[in-house]
Amino acid sequence: MFGLLARRLAAALPTLAGVIVVTFLMTRALPGDPAAYFAGPAATREAVEEIRRQLGLDQPLWVQFGDYLADLARGDLGLSITTGQPVLADIAQRLPASAELTLIGLLIAAGFGVPMGVAAALRPNSWVDHLCRVIATAGVSLPTFFTGLLLVYVFYYQLGWAPAPLGRLDAFSSPPPQVTGFYLIDSLLAGDIETFTGAAAQLALPALTLGIFALAPIARMTRGSMLSVLSSDFIRAARAAGLSGNTIVIRYALRNALLPVVTTLGMVLSFLLGANVLVEKVFAWPGIGSYAIEALIASDYAPVQGFVMAMAILYVALNLVIDLAYQAIDPRVRIEA
Amino acid sequence: MSQPPLLSVEDLSVEFRTRSGTVRALEAISFAIARGETVGVVGESGSGKSVTAYTVMRLLDDAARITSGRIMFGGLDMLGADAGTLAELRGRELSMIFQNPRASLNPIRRVGQQIADVLLRHANVGAKEAGERAVALLAEVGIPEPSRRAKAYPFELSGGMCQRIGIAIALACRPALLIADEPTTGLDVTTQATIMDLVSELGRARGMATMLITHDLGLATERCDRVVVMHAGHVVEDAPTAALFAAPRHPYTARLFAATPRPGLALSEISTIPGGLPDLRRDDLPPCRFSTRCDRRRDACDAPPLPRVTHQGRLVACHNPL
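One line per chain: the protein sequences are A and B, in this order. In terms of numbering that gives the first Met the number 0, the first sequence opens at residue 0 and continues consecutively. In terms of numbering that gives the first Met the number 0, the second sequence opens at residue 0 and continues consecutively.
This is chain A alone, in the form it adopts within the complex (with noise of 0.2 Å):
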């Protein structure tokens, strides 16, 4: 098991290398000067030229590069010029308001899209099947900043359930002491039940957001994996011993079609992580997707790089949680490994 993780985790040292290259040389290469959007419109040029030399944009671009990486080594991912905070810091607390969203979106979609399939599936073409079709087709088919908007609408517009979509917690509310950073769970380690209400009813929109905007790949890829297992020997075998429906559809079926729907996920994620960036503005969620696209707008460059680095990271991290879920369900591939 160690020595698993210990390879995996140098087996994404090339990617994470090659991250930081590509996003050095991206935001280099993307149009837009930060030393004139940080002097302001007012500024002269000597006063642009001068704060060139600081930011040391007037190097050549592998001088920049290699102050880049040396800052790096010492885990210094560079000054934010528009929030004047270093990146670190700005990212330290952003990202758990982002990781908090997307983890419960991609909860929400399991939870309803693994059901959905599986009630598909045993009923192949019947009006289950074809509802549970509608709804993944709807949900993926609509932008998500659509429906946010439209949730918002209907929620917190028309029927007031909801609160105004501002953030992680209402305006009275006070953040818990921080732990692990997600509201939900701070809030109820800290005993705090009214800030964790409070911040479950802020979360629910954008992260349903999030969900129906999942729960289609989830869906299908449920359905289709559940009717090729319900159809194998194996089945067959356990319904001539006799075995009850529920042990054979949950227990048989549904843990070996598990497999590639845990392997779904990994994409899936990653399609949250991009759809995160609308929801974000949508709700006024304080994480690191509006982070990112405020940065890019103002040609600020560490963010950005920052940014790139911080999902690059998440995401080796969480395929490297999903091998390790499919190892625990498959005993195959743990002899394998």
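It is worth saying that the hints were derived from the structure and are not from the lab. There could be a bad hint or two in this list.
Coverage of chain A stretches by chain B, computed from C-beta distances (three or more under 8 Å per stretch; other residues unrestricted) [what the hints assert, rightly or not]:
(1) 228-234
(2) 245-251
(3) 325-333
Pairwise CB distance ranges, derived in the manner of DEER restraints [to be verified]:
(4) L12/A / E43/B: 55 to 65 Å
(5) Q2/B / P114/A: 47 to 57 Å
(6) R254/A / D10/B: 34 to 44 Å
(7) G244/A / A135/B: 25 to 35 Å
(8) L78/B / S125/A: 23 to 33 Å
The beta carbon of each residue, even a glycine, is placed where N, CA and C say it ideally should be.
Following the hints, put chain B in place on chain A, whose structure we already have.
For chain B alone, coordinates are given in the frame of chain A:
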């Protein structure tokens, strides 16, 4: 026979709806199995042996339709029984072992647990006792170190071992009838004999009836009290093994014997059966589905109905038997 048979299949017909037409997989087949009796069902691939087995188990897939007939098992009308009754019956009174032993086991569940699942379902025992009995069953089917093997997954065991697990699952609740669908086909030759010995031995000890489905007439005559010969969805001959072996009456049975290798017979003397099975999707299937391959065919063979004559306990479906 004074006692009613354990299983009786009467006039059973089964069709499959496929995109390219209706396959008449079984047509008016009848046979019976008495308590404790071992009956072989023999025929080449596509003759309807497995369809017969799955129909008796009521495990046919949705494309299949039972168009006529009656299946009685221990006094129960199997075709009229509801799903709950059938699930209670399967694994307890009526079990099955399969052609591909490894694929017939759940790949990601420990084999001991898979045996215990059946016991938990049918034997009215708790989890602990089910686990203990699973280990005992593993020992009974001749698996060395049973308590260690109970924790193994199917992929860690050989094909022969997997078939032993399949047998343990099938026999866990002491069924009255075991249907063995080509149980040794996927195994190597040395394992085949031991698996068959195991089935015969455990079957005899339990007074269990066995329906042995095989394409190997030699195996059937060696192991069975009676042999039912199937061809293209018909039962063409049904006779006690000794009588069948001494003098096959249906031309197809005779051909099968001639095509079966046995000691003292040179390879060049083993004949093949000309032609293939007729396309069972045809609307104009002849009454005798063997007629196009038969060298004893007469004009009468093309006139319906196909005679099914029972004489001295053996059935022959032929106009011109040997």
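The hints, checked one at a time:
Using a Cβ-Cβ cut-off of 8 Å, 4 residues of the region 228-234 of chain A lie near chain B, which meets the minimum of three, so the contact claim holds. Three residues within the 8 Å Cβ limit are the bar, and the region 245-251 of chain A against chain B gives 3, so the coverage statement holds. Beta-carbon proximity to chain B at under 8 Å applies to 4 residues in the region 325-333 of chain A; the threshold of 3 is reached and the given coverage holds. At roughly 59 Å, the beta-carbon separation of L12/A and E43/B lies within the given 55 to 65 Å, and the hint holds.
At roughly 50 Å, the beta-carbon separation of Q2/B and P114/A lies within the given 47 to 57 Å, and the hint holds. The supplied range of 34 to 44 Å is met by R254/A and D10/B, whose beta-carbon atoms lie about 42 Å from each other. For G244/A and A135/B, the hinted distance range of 25 to 35 Å is satisfied, since their beta carbons lie about 28 Å from each other. Between L78/B and S125/A the CB atoms are about 24 Å apart, so this pair conforms to the stated range of 23 to 33 Å.
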